[in-house]
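Novice: Position chain L against the provided structure of chain Z, taking the given hints into account.
Top to bottom, those sequences are chains Z and L.
First residue of the first sequence: 1, per the UniProt record's numbering; consecutive thereafter.
First residue of the second sequence: 1, per the UniProt record's numbering; consecutive thereafter.
Calculated from the structure, these hints are not laboratory results.
A portion of the hints provided could be inaccurate.
[Claimed, not checked] Which residues of chain Z face chain L? A partial, calculated answer using Cβ under 7 Å:
no.: 1; residue: ALA170
no.: 2; residue: SER173
no.: 3; residue: TYR174
no.: 4; residue: HIS178
[Stated by the list, open to error] Anything over 12 Å on all C-beta distances counts as not near chain L; from chain Z, calculated:
no.: 5; residue: ASP15
no.: 6; residue: ARG40
no.: 7; residue: GLY166
Every residue gets a Cβ at the ideal spot worked out from N, C-alpha and C, and that includes glycine.
Number of protein chains: 2
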Amino acid sequence: MCATYRALCRHGYADLTMQDIADEWEKSKAALHYHYDTKRGLLLAFLDHLFDSYTDRVTDSGSGTPRERLHALVAAALDPPRADATRELRTALVEVKAQAPHDDAFRERLARFDRYLHEEIRSVVGDGVESGAFRTDIDPDETATLLVTLVNGAHSRRVALGDDAGVPAAIRSYVDEHLVAGATTR
Amino acid sequence: MCATYRALCRHGYADLTMQDIADEWEKSKAALHYHYDTKRGLLLAFLDHLFDSYTDRVTDSGSGTPRERLHALVAAALDPPRADATRELRTALVEVKAQAPHDDAFRERLARFDRYLHEEIRSVVGDGVESGAFRTDIDPDETATLLVTLVNGAHSRRVALGDDAGVPAAIRSYVDEHLVAGATTR
Chain Z
1 MCATYRALCR HGYADLTMQD IADEWEKSKA ALHYHYDTKR GLLLAFLDHL FDSYTDRVTD
61 SGSGTPRERL HALVAAALDP PRADATRELR TALVEVKAQA PHDDAFRERL ARFDRYLHEE
121 IRSVVGDGVE SGAFRTDIDP DETATLLVTL VNGAHSRRVA LGDDAGVPAA IRSYVDEHLV
181 AGATTR
Chain L
1 MCATYRALCR HGYADLTMQD IADEWEKSKA ALHYHYDTKR GLLLAFLDHL FDSYTDRVTD
61 SGSGTPRERL HALVAAALDP PRADATRELR TALVEVKAQA PHDDAFRERL ARFDRYLHEE
121 IRSVVGDGVE SGAFRTDIDP DETATLLVTL VNGAHSRRVA LGDDAGVPAA IRSYVDEHLV
181 AGATTR
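Just chain Z, same shape as in the assembly (with noise of 0.2 Å):
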């Protein structure tokens, strides 16, 4: 799996072969053909490894308050350790997102990221509802569809443009100001 992280980083995914991957490794192709048959393989076998760690490192640690857990999600979601290859890797993942429309595997494997995070937000935003810290005339689905929709945008925007465009900022205004019970106006 770093042998993979590290020839998508290298060679992104459309140009990515089997040799690439072994080179990485350092064993041959053959050997590598031995645990996965394609590439497609591999690659679906990479997603669930990127999930595992997504799913390690994106979680509501249940202490603070519903605004201090709901940034940390966020914050999380946005900004992957490893900061040096992520750029590498994030535009990899947007050559295997245009894959998913022809691929159902793949289709399945990018929306489980999703549902995951939506599931995190949702709970932690249903918290802060229950308990007063958020307002209570916000549905924790929607909030929860827009801040994962948030995260794809940023990615996506820092993919194409190169920079963070003030995603982050916006996104901690958005929480702030208009979740937040009682958020004093400037």
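Specialist: This is chain L only, laid out in the frame that chain Z set:
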């Protein structure tokens, strides 16, 4: 440009050849090369063409309330016409986005769409804040950043997931419940 559009929808970006475009154009590849040296040059011209039609279509009419104008702008940005072909085109554009990190000219072309939409939205939100239609504590610039990112995220999710995941409705709620002055609670 129509031939490029059709060829992109049919073949996607990665596999697209000048021959594919010439075939759609029903002229020879030599005739096509007379106008464009490379696939890259033709695609840059195609992005300019898309941008022109985007600015024709996604534009503030200036009539109606700020709320109505904002809903119309966002709806136009979310839902291009020719819906039958847009899934394919949108997928091809995701592939083009994956080129952006490696190519300044692509990046600059893609950034223009976001900048243009940002300005249209910022101006309508500014009008709404000034007239009292929107809450006075709203920052038009941050609101525009949020909405442009939501539009990006909606397109990205639609390509990856194959459906809109309730995003248009969530954006409408955001406008009606968070931006409109004195919005009633549910």
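Novice: All hints are to be evaluated individually against the structure, with a verdict given for each.
Specialist: Hint by hint, here is what the structure shows:
Given hint, ALA170 of chain Z at the interface with chain L, holds; its Cβ is 4 Å from that chain's nearest Cβ, closer than 7 Å. Checking SER173 of chain Z against chain L: minimum C-beta separation of about 5 Å stays under 7 Å; hint holds. Because the smallest distance between the Cβ of TYR174 of chain Z and any Cβ of chain L comes to about 6 Å, under 7 Å, the interface hint for this residue holds. A distance limit of 7 Å between C-beta atoms decides the matter here; for HIS178 of chain Z the minimum to chain L is near 5 Å, and the interface restraint holds.
Chain L draws ASP15 of chain Z into its interface by the beta-carbon criterion, the shortest separation being 9 Å against a cut-off of 12 Å. Even its closest Cβ contact with chain L, about 15 Å, leaves ARG40 of chain Z beyond 12 Å, as expected for a residue assigned away from the interface. Here GLY166 of chain Z does not stay apart from chain L, with its beta-carbon only about 5 Å from theirs, under the 12 Å limit.
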